Each structure stands twice: as C-alpha cells, then as structure tokens.
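Generate the whole structure from the sequences, applying the supplied hints.
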Amino acid sequence: TQLLEQSPQFLSIQEGENLTVYCNSSSVFSSLQWYRQEPGEGPVLLVTVVTGGEVKKLKRLTFQFGDARKDSSLHITAAQPGDTGLYLCAGVGTYKYIFGTGTRLKVLA
Amino acid sequence: EAGVAQSPRYKIIEKRQSVAFWCNPISGHATLYWYQQILGQGPKLLIQFQNNGVVDDSQLPKDRFSAERLKGVDSTLKIQPAKLEDSAVYLCASSFHLREGDHEQFFGPGTRLTVL
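One line per chain: the protein sequences are A and B, in this order. Heads up: the first sequence is residues 3 to 111, going by our numbering. Heads up: the second sequence is residues 2 to 117, going by our numbering.
Source of the hints: derived by calculation from the structure; they are not laboratory data. Among the hints, erroneous ones may be present.
What the hints assert, rightly or not - In silico lysine-lysine, PhoX-like type, Cα no more than 25 angstroms apart, as pairs: (1) B:K12 <-> A:K72; (2) B:K79 <-> A:K98; (3) B:K84 <-> B:K45; (4) B:K45 <-> B:K12; (5) B:K79 <-> B:K45; (6) A:K98 <-> B:K45; (7) A:K98 <-> B:K12; (8) B:K45 <-> A:K108; (9) A:K98 <-> B:K72.
No experiment lies behind these values; they were computed from the predicted model shown.
This is the structure:
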C-alpha cells in the first residue's frame, strides 16, 4: 500500500514566521499535488509538480518535488492568518491519487 | 462554471440505519471520485468512476457501501447498515481527464455524516 506521510502533523505559528511542511513516501509518483482545505469545504488545488527536482513558486508559497519523485516540500514565507488550513499532498500514480496524512496549520495574528 | 454539488451537507443517523449521498460533478467531467475523510486526516479514495464504469473500488467496504453512476453524470453513495466508524466527511470530486499527470480534481463541499 502506498503511503504519504506528512510532517509536522500540527503547526501553530505567529504571523510573519516561515514554515516548511514535508511530504514523504517510499513510492515514486508521476506527479505530486498540494491542496489546501478550509473547514467545511473540499480541498482546493494549489500546485502540481511533475519533474523531479522541480521548484514552483506561488506568491509566498514555494513547492519542491524531490529528485527521485518520492517526496515534496511546501515552504511558506511570512505566514499570514489567511494561510490557516489543512495542507494535503497527493501523489498521482497510475490513474490514482494517494492523499497524505495532512498538516494542520494555524497562523496566529 | 458551477462547481461540484453534494447533498445533503450534514446527516445524523443511528447505527445500523441506511444513508445515501448524492453528487453532481462539473459538467463534462468524465471522472468522478468518492472519498472518505476522517476528522483531521487526508481523504481516502473509496471509488473512482470513468463515465459510468468503475476504475478503482479496492478500498470500498463492499459489504456495506455501494455506489453507482448510472448515466455517467451524477452519482450516489450508499451505506447500509452504518457503523459508528463510518462517521466522517464524504467528499465527491470530479476531473476532466483520466490521464497521468494531467488532472486537477475539483471537490465538492462534502457531506458530514455522524453515526450515533
């Protein structure tokens, strides 16, 4: 069974701080996606990374796909209260998505 | 463009009762997914349809869960009989293509099920 472990599981930080969330697996994926989910809503796609070693930036968010396409990281610079939510990575394999265990982020004003 | 619609949004039932959830995907999306999300965890795929055919139902507890997508558009997920551990949010998602590396899933708001 493919598993995607995310760390940390919970993170509470002050506004303005930086943070990194990790997504690790022993399996290789064709691509990896990051979603953010807010309470009472479904996950919303933030980014898809496809190539090993790829780095994508979305404003204050930086996403990296590991060289071996087994792991990924999400770095947020100068976190804001609006970044609060559940961050999920999802490995994309053969016609299948495997979601990670999730990282719940709370940014305090 | 209308998003993925789900109903009901909330449901409370007693254990051993039956319940059904409905999902209407984004128009034109061939692939439809049902996920179970336990509080604080990542979604777990229950079943995946391509049009009205099942692509993957390996994690669907078939003794109590069933799902159908008869006309390749909307879908229903049923639980009969429900157990306490079925308490979760049931998410429906759809995507345009079933092709590796090229699909964004669009999620509905989910149905929160509480089994007492």
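Right, here's what the structure says about each hint:
Using a Cα cut-off of 25 angstroms, the hinted pair B:K12 and A:K72 is violated, with the two alpha carbons roughly 38 angstroms apart. Under the criterion of a C-alpha separation no larger than 25 angstroms, the hint pairing B:K79 with A:K98 is consistent with the structure, at around 22 angstroms. For the hint linking B:K84 to B:K45, the alpha-carbon distance of about 17 angstroms falls within 25 angstroms, and the restraint holds. The hinted pair formed by B:K45 and B:K12 meets the criterion: a straight-line CA distance of about 20 angstroms does not exceed 25 angstroms.
Among the hinted pairs, B:K79 with B:K45 is consistent with the structure: their alpha-carbon atoms are about 16 angstroms apart, no more than 25 angstroms. A hinted pair counts as satisfied when its Cα atoms are at most 25 angstroms apart, and A:K98 with B:K45 qualifies at roughly 11 angstroms. At roughly 28 angstroms between alpha-carbon atoms, A:K98 and B:K12 are farther apart than 25 angstroms, so this suggested pair is violated. In summary, the hint linking B:K45 to A:K108 is supported, as the alpha carbons are separated by about 23 angstroms, within the 25 angstroms threshold.
A distance of roughly 22 angstroms separates the Cα atoms of A:K98 and B:K72; the hinted pair therefore holds under the 25 angstroms criterion.
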